[in-house]
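Enquirer: Spelled out, the chains give:
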Amino acid sequence: MNKALFGMNVKTNRNIWLIFFAILVMYVAIIVSIYDPSIGDPFAALMDMFPPELLGAMNFTIMNGELISFISGYLYGFIMFIPMIYVIIVGNRLIAKYVDSGSMAYLLSTPNKRRKIALTQAVFLFLSTTLLIVVVAGVNLLMCISMYPGLLDISKFIILNLGLIGYFALISSITFLFSCIFNETRNSLAFGAGIPLLFFVINMLRGASPDLDFLKYFTALSLFDSNDWITGGNIVWIGSVAFFLTSILFYTLGIRIFIKKDLPL
Amino acid sequence: MIRVEHLTKSYGPGKGVFDLSFEVKDGEIFGFIGPNGAGKTTTIRHLLGFIKPDSGLTTINDLDSFKYASYIQKNIGYLPGEMAFFDQMKGIDFLNFLAKMRGMKSKAKMSDLIEFLDLDASGKIKKMSKGMKQKLGLVAAFMHDPDTLILDEPTSGLDPLMQLKFVELILKEKKRGKTILMSSHSFEEIERTCDRALIIKVGELVALEDINKLKEQRRKVYSVAFQSPEDIEIIRNDGFEVIERGINTCDVVVSGDINLFFQSLSKCKILSFDVLNQSLEEIFMNYYKERDEIE
Numbered sequence: 001m002n003k004a005l006f007g008m009n010v011k012t013n014r015n016i017w018l019i020f021f022a023i024l025v026m027y028v029a030i031i032v033s034i035y036d037p038s039i040g041d042p043f044a045a046l047m048d049m050f051p052p053e054l055l056g057a058m059n060f061t062i063m064n065g066e067l068i069s070f071i072s073g074y075l076y077g078f079i080m081f082i083p084m085i086y087v088i089i090v091g092n093r094l095i096a097k098y099v100d101s102g103s104m105a106y107l108l109s110t111p112n113k114r115r116k117i118a119l120t121q122a123v124f125l126f127l128s129t130t131l132l133i134v135v136v137a138g139v140n141l142l143m144c145i146s147m148y149p150g151l152l153d154i155s156k157f158i159i160l161n162l163g164l165i166g167y168f169a170l171i172s173s174i175t176f177l178f179s180c181i182f183n184e185t186r187n188s189l190a191f192g193a194g195i196p197l198l199f200f201v202i203n204m205l206r207g208a209s210p211d212l213d214f215l216k217y218f219t220a221l222s223l224f225d226s227n228d229w230i231t232g233g234n235i236v237w238i239g240s241v242a243f244f245l246t247s248i249l250f251y252t253l254g255i256r257i258f259i260k261k262d263l264p265l
Numbered sequence: 001m002i003r004v005e006h007l008t009k010s011y012g013p014g015k016g017v018f019d020l021s022f023e024v025k026d027g028e029i030f031g032f033i034g035p036n037g038a039g040k041t042t043t044i045r046h047l048l049g050f051i052k053p054d055s056g057l058t059t060i061n062d063l064d065s066f067k068y069a070s071y072i073q074k075n076i077g078y079l080p081g082e083m084a085f086f087d088q089m090k091g092i093d094f095l096n097f098l099a100k101m102r103g104m105k106s107k108a109k110m111s112d113l114i115e116f117l118d119l120d121a122s123g124k125i126k127k128m129s130k131g132m133k134q135k136l137g138l139v140a141a142f143m144h145d146p147d148t149l150i151l152d153e154p155t156s157g158l159d160p161l162m163q164l165k166f167v168e169l170i171l172k173e174k175k176r177g178k179t180i181l182m183s184s185h186s187f188e189e190i191e192r193t194c195d196r197a198l199i200i201k202v203g204e205l206v207a208l209e210d211i212n213k214l215k216e217q218r219r220k221v222y223s224v225a226f227q228s229p230e231d232i233e234i235i236r237n238d239g240f241e242v243i244e245r246g247i248n249t250c251d252v253v254v255s256g257d258i259n260l261f262f263q264s265l266s267k268c269k270i271l272s273f274d275v276l277n278q279s280l281e282e283i284f285m286n287y288y289k290e291r292d293e294i295e
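In order, the protein sequences belong to chains Z and R. Numbering of the first sequence is given in my numbering, commencing with residue 1 and proceeding in unit increments. Numbering of the second sequence is given in my numbering, commencing with residue 1 and proceeding in unit increments.
Next up, chain R with everything else stripped away, as it sits in the complex (with noise of 0.2 Å):
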């Protein structure tokens, strides 16, 4: 179990994390949203034993991760967001070197990884792609089979194929029981994985939420280019946002049930329909807003 009680730790004004308060249970994954500089990050080096807080506490399985960082690295995973190796190794004897410094006695889950992410360990790693090394990464994350992992923008660097098989091999964890924290930027990565979210802006927690529940909330805009003017009043007329953007196209913003937008643009006539791909910005803006409205 990973627990921060009102962490803060300040680098100055709105730089840092500040009275972040959340849990993570046994055998849950965990969303961790935020744009870039939102102390995501500053949150796992708490977690990892790398820094000390001003104040609050960070724990996994109810140990200090400060104090016993060493203790608890037993059974921690981890991912560091800043692929940061020993460039003059190879691949694998990094891995080695590793395993000897976890003193591992089995090798056959970090050969198991390696063939199925596909990972070419032969090579020196400064020479290797930046997916080669996510996926280097990844391997020496899970290979101790540890009972937590910790993921900082785990897909990141990764092609759209090898983004799936994360998922599937987080999810074959999972099954396993295993507790896992992932940060993420992308919003659809955590959807497809993910327990419980939390989203984190400028060091203050601004929701955490049931996935589903988030994936409610959230709104969609839909691009879509009508016949004539009289399909688009149709739609206002149904009771969703419209904003034209030029003759007989507009954008239709969604929340809540998709299939009454279906219903109302099956009485138009369509020439064209695209969906809009929201950045994380206006998902939380909106997050924001609608929950303002709701209290």
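This is chain Z alone, in the form it adopts within the complex (with noise of 0.2 Å):
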């Protein structure tokens, strides 16, 4: 870890980081706003008029009346895959971008070993991203605990939220994974972006009609699926073993090639 690097990126990056916190905040003060405790689900007669397979492709599924099962429904369904944005855009930045415009070359040519550079950088993208849902997280729940005392199975919420953080360990380490892998961002983002967008296409298709359930098979989301980690079992288990390993394994895998290229500085 080098503190100058992970200082700039700090810097670099903080705009960004806000504009997706303002968003997601937005996005969780209005729908636990609307949350009504007698009547569980007040969206349940507008969401009658929407067709199905809409709301399938969208997530919106809301299993029963209690406040987790609405957050989950509305929040971790759909909206708070959001951040694969910021993902996206800073993990292309942290390595193939600097390569590709060249500016690594100043970050090299400092007595610092190219792991180390990497390595900052992977730490820098896992924890900005992790820091977004944890803040996010806690916003929703000082929501949740003023608004409406007791009503929020904390355990569950917490449970649910590190799924999420998981899900966005894998995500973020195929997008730092493929910035290590190639010199030019056109191609770092056909990958780095175009996998993580893939798996939630996929998903949103597969949750559209029963028929296409088999695509489940072919995106990483089968695995943080919100309402089947609210409910437990053993997805919760495979789930956080599985993106564990795969983002170690990412991680690594780039920081690894990123040592051993030839770069075009």
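Where hints are given, some of them may not hold.
[Said to hold, decoys possible] Straight-line alpha carbon distances no greater than 30 Å define the calculated DSSO-like cross-link-like pairs of lysine-lysine that follow:
#: 1; chain 1: R; residue 1: Lys130; chain 2: Z; residue 2: Lys97
#: 2; chain 1: R; residue 1: Lys109; chain 2: Z; residue 2: Lys11
#: 3; chain 1: R; residue 1: Lys67; chain 2: Z; residue 2: Lys261
[As the list claims (entries may be wrong)] Label pairs and their computed distance ranges (CB to CB):
#: 4; chain 1: Z; residue 1: Arg115; chain 2: R; residue 2: Ser129; range: 32 to 40 Å
#: 5; chain 1: Z; residue 1: Val201; chain 2: R; residue 2: Gly103; range: 45 to 53 Å
#: 6; chain 1: R; residue 1: Glu204; chain 2: Z; residue 2: Thr12; range: 36 to 44 Å
#: 7; chain 1: R; residue 1: Gly103; chain 2: Z; residue 2: Val241; range: 37 to 45 Å
These aren't lab readings, by the way, just hints derived from the structure by calculation. In this text, a Cβ means the ideal position worked out from N, Cα and C, and glycines have one as well.
Since each chain comes alone in its own frame, lean on the hints to assemble the complex.
Expert: Right, dumping it as structure tokens:
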């Protein structure tokens, strides 16, 4: 880890982080404040007007009237995946963009090993993404506690967010890996943005129709269905282990590739 | 000491560097000349440890420059050929950032250089002119007072006044015992500063010579307008190569001692006299030709 580089990353990416934070907090505030403990899902009547395929695609599936189920359905099925765009932009920027533009030459013409530079970037990507989820979840939690005291199943809420953090660790490791592999941002983006978006789109298609259920084998998002995670069961363990192992693997692989490759600087 | 031993890195036929060997001694200023695409930057990338050779070896102070890249960077100052900074930063923030990345204790040299090169580092890099960016790159390369300097096209973008300042700067560093490798496609610049120069073409060594020897062998072409055709005959009879370009006007090719040419000219009536700037390509071709003749 290099402190100076980490500090520069914070400065460079602060604004975009804040924008995503603001967007998410806005959604969280709206959704949470609409919940009504007496009728459960105030959206239900509204949602009936939409075709079920659309709702399925958006993952707006509410299991019951509990607050955690409401949050899981309306926030963790679709909206909480918005930070994917943050991951794609920043992950691409941290390595591939500097190589493509040539400014990586300045980082590497200092007495710092490539390993250190890449590790610093990886840690920044993982930490800033995780922090975004944690802080938004914190706001979510505070709102629930103050508006609906005692109604939120906090342990389920924590498990839900750990799952999201895990899924994002995987997504960010994929983006990071391709950022390390390619010297040009267009290639890095094609895969680093393409694969996470593909997971997302496949998952939407799958939700749109029961006939497309086989698509679950083509998206990592099958491992993080928010309703499954709050219900508990094997998927929580399988998902956790899978996210942990794959993200470690891809981050490590990315760093190793970056250490060994020729850089056109 | 910089050493390149049988370095080969191929990017396809005629692209890259092929079996290149040379050595830059401690305290020497070494020029690296060649047209664009000749392999100068590829060689420099090896020295900085950015790429691995297909075969051969590059070392700085006897350390493999790819394997020990981070270690040797402590004592290298590098100016990239293509200016790429972190555009959103201010100049001074960029320098301070690099100073931190390098773990620099004193910033005295940095301020001296900023003053010496007349760099305005307060603005955003994105908004800087090409010359200002080049100055910023020079400060970044020299500010940690490294033993070895590797400069890729150091004067590109600098105005003539700044080019002179640059020459002053590196002569000063040479006096302090620094080893300097600089690439250029300007023969004049290399002439003014370097002890030895290497000419490279399509990735292969063409010549590796003492600068003074290169100067001697270099042919110069002068465009002269004479009063009468007889004058041209005088020049021709004195053994100079004459290419007629119009009425009583011709290009005279002079290699070797220039005084002989002026002695001949003093016998003629001259209307105008011009030095023709040879392109680097021409200089190469001439150099090639002469060497073949000598052999």
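Enquirer: Each of the hints needs a verdict: does it hold here or not?
Expert: Verification of the hints:
Straight-line distance between C-alpha atoms of R:Lys130 and Z:Lys97 comes to about 21 Å, which keeps the hinted pair within the 30 Å bound. With a C-alpha separation of about 26 Å, the suggested pairing of R:Lys109 with Z:Lys11 holds against the 30 Å cut-off. For the given pair, R:Lys67 sits about 12 Å from Z:Lys261 by alpha-carbon distance, which is consistent with the 30 Å threshold. Hint check: Z:Arg115 to R:Ser129, Cβ distance near 37 Å, so the stated range 32 to 40 Å holds.
Distance hint check: the CB atoms of Z:Val201 and R:Gly103 are about 46 Å apart, consistent with the given range 45 to 53 Å. Distance hint for R:Glu204 and Z:Thr12: a CB-CB separation of about 42 Å, consistent with the stated range 36 to 44 Å. A beta carbon spacing of about 40 Å between R:Gly103 and Z:Val241 agrees with the range 37 to 45 Å that was offered as a hint.
Consistency note: the structure conflicts with none of the earlier hints.
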